[in-house]
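S.K.: These are the residues of each chain, in order.
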Amino acid sequence: MATALSLSHLGSLMRGVRSVDEVGAEERAASLAKRSIKKASKLWALDLAIRCMDLTTLEGSDTPGKVAALCAKGIRPKPGDATIPSVAAICIYPARVADAKEHLRGSSVRIASVATAFPSGQSFTSVKVAEVKEAVAAGADEVDMVIDRGAFLSGDHEKVYEEIVAVKEACGPAHLKVILETGELGTYDNVRRASILAMAAGADFIKTSTGKVQPAATLPVSLVMMEAIRDFVRETGRPVGFKPAGGIRTSKQAIAYLVVLYETLGAEWMTPERFRLGASTLLNDVLMQIEKERTGAYQSGDYFTID
Amino acid sequence: MAIAKRAPTELAKQTFEYAPAPESIDHIKIEPRYGLFIGGKMVAPHSKKRFPTINPATEQKLAEVVEADEVDVDHAVKAADKAFEGWSRLAPSRRARYIFRLSRIIQERARELAVVETMDGGKPIKESRDVDIPLAAAHFFYYAGWADKLEWAFANRKPRPLGVAGQVIPWNFPLLMLAWKIAPALAAGNTVVLKPAETTPLSALLFADICMQAELPPGVVNIVTGGGKTGSLVVTHPAVKKVAFTGSTEVGKLIARSLAGTGKRLTLELGGKAANIVFDDAPLDAAVEGIVNGIYFNQGHVCCAGSRLLVQESIAEPLLEKLKLRLGTLRLGDPLDKNTDIGAINSKAQLEKIEELVESGVEEGAQIFQPECKLPERGFWFPPTLFTNVSQSYRIAREEIFGPVLSVLTFRTPAEAVEKANNTPYGLSAGVWTDKGSRILWMAERMRAGVVWANTFNRFDPTSPFGGYKESGFGREGGRHGLMPYLELV
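Chains as they are written, first to last, in the working numbering: chain X, 1 to 307; chain E, 1 to 490.
Mixed in with the good hints, there may be bad ones.
BS3-like mimics (lysine-lysine), calculated; alpha carbons at most 30 Å apart, straight line [what the hints assert, rightly or not]:
id, chain 1, residue 1, chain 2, residue 2
1, X, Lys34, E, Lys324
2, X, Lys38, E, Lys420
3, E, Lys324, X, Lys292
Label-pair ranges, simulated between beta-carbon atoms [stated by the list, open to error]:
id, chain 1, residue 1, chain 2, residue 2, range
4, E, Arg412, X, Glu59, 23 to 31 Å
5, X, Pro64, E, Arg459, 51 to 59 Å
6, E, Ala153, X, Arg249, 25 to 33 Å
7, E, Ser464, X, Lys66, 41 to 49 Å
8, X, Ser123, E, Ser464, 32 to 40 Å
9, E, Thr413, X, Gly266, 32 to 40 Å
Keep in mind that the hints were calculated from the coordinates and are not lab data. Think of the CB as a built atom: it goes at the ideal place given N, C-alpha and C, for glycine as much as any other residue.
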């Protein structure tokens, strides 16, 4: 159950959130991006990137067939190569959860469903809660909700908080990832405030973006959110996971996120229970880089299955 | 179709560890023995004395250099004196062209320079690659731009070059300090004799090669190697009109004494014991980075290092907790590895000095913290160190350690912060961390320090003047101010 704080504490909680120095955060993220990850550590990082991946399709045009293909890819990213692990989860719209359920039965791949009027979040709380319940009933193991940015930006933190609490309750046993949509929050200070708010309201994970708004995940935004997690864990003792999503397309980017994770939250966070990478097109680049590390040569894209 | 759950792969059981990522040294050519750079070419010295320069990370000898004697220094100064006539009368735009060329060649040979700097000095390659060499090039580039604009730099005054400048530089930023000295001197129309530090002569000798590659007129730049004796010969030579020194306060005072009454111009950039002041409203995570950058950058071998942390008592506990956690993530080791954060201590002598002062801190009653950190067996190393429970009166709070050692003191009010920060014979730099703009300005007005950084630390730019108050020296380097010590204004 969520360790939600009482509402009377919300005001003082938000006032107590530390400010973020924009220049400092960007400088630190840039310096970590320069770490040189080679050979064995690169292979390890690429393997972890797959194990932590939420393989995603979030299109209006998604069909049962598309979802079936995604599930197959998620379970066995590289047919014929047993050393390549399955992804952590596939991430889809609620209406497609039942389709995926069938294809993933017996595998370790979980089903993550976006919900709460994704991506805008501009709907009624009752509708959002109902949507979450339906998604979980259909078989979602994880729910990726969006916060109400309209409420957050207008200063109505209470509404955002209450909604997360309500959604968390509706989730039941399903894990809750709370999407802040940092590209719409405008400042790192807001990112940090929203992170603390979401964690206090009971989020199991905090997630950067929907992928539908630019900029999506960035390294500095991720650093700021991880620092917020670090402080929250220090205060409460409850570990919270982190998921960057949107715009992560290359292995190099994925490794940079892992480095920031490693040097901010430490080795304990380098597991699918506490870290996910939301991505739709990253997987094949990771497979290609693994092949390159193993053989010393790049393979043609034709050797990697699409979707 | 049911699919069996797959067993975790081998990799899933391991933990993350950065594999070694050493910068290649295959392209580096270091001569076994070097001569002196006098009159536009490498010449055989008069002095028979040579000494080795070693890699402090491995204690291996890299090359042998000359300990230049009186005759050698005299040759160099005469070559510079001879070149002065032509160089100072050269069309300023032509002079600019040479300096631009030096800047460009430094950029072109950046990788080579960075590797040599790291091998000879022990600093991490990421610093020589991303800080030292780019800033050195930027310095030449900036002052090249001034060469043909001197007439307009000082209103209603006519600038004249001085003659031969004798310059002695330290070992912490060898090429960068060379650039700080040579670039403004040349732009102003002077010629130079430069002595690099005893433990780090190689990048200066590589720069001699760059001067030849740039076809700089012979004698405009001369480089003589040696120790303190050679340095004193350079600064006291009667034909040297202007002396610039960066180094310890102790030697600075000696030079000031020896030049008294000679009419030579002098600028000194000496030691420091800077306060890095963190207020309770500061962005803490950024402040932690700033503190780390302030004192552990270049193993703390930085004259403007933020070696005293003044933290407001109300946030001392969370800040120190974060800081200690961060210290544990610093990677100490092979300076050539691209992931190394803390390299080798520059020399055995410096290591002994650091050890002695750290011991005094423990004896005086301060509490020491060092993260778990494995030091390599060979070479000179010191782990990142932090002292709490430090009093203003302790040696570690007053003396310049010039190593990766931070002394933490607390304060209660802004007035107390000012008082404690200024309570030192030094005054080179200070840092202020707060979210309140008005407080930054209030503090900056009251800091007796040449540079005050706000919400950042150890940030350098060729356009910004740098220099000290009190025993940290006088004169400014960088910016338009940096031209003045090399010009006579009539």
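S.K.: Does the structure break any of the earlier hints, and which numbers would those be?
M.R.: Checked against the structure, the hints that fail are numbers 2, 3, 4, 6, 7, 8, while the rest are satisfied.
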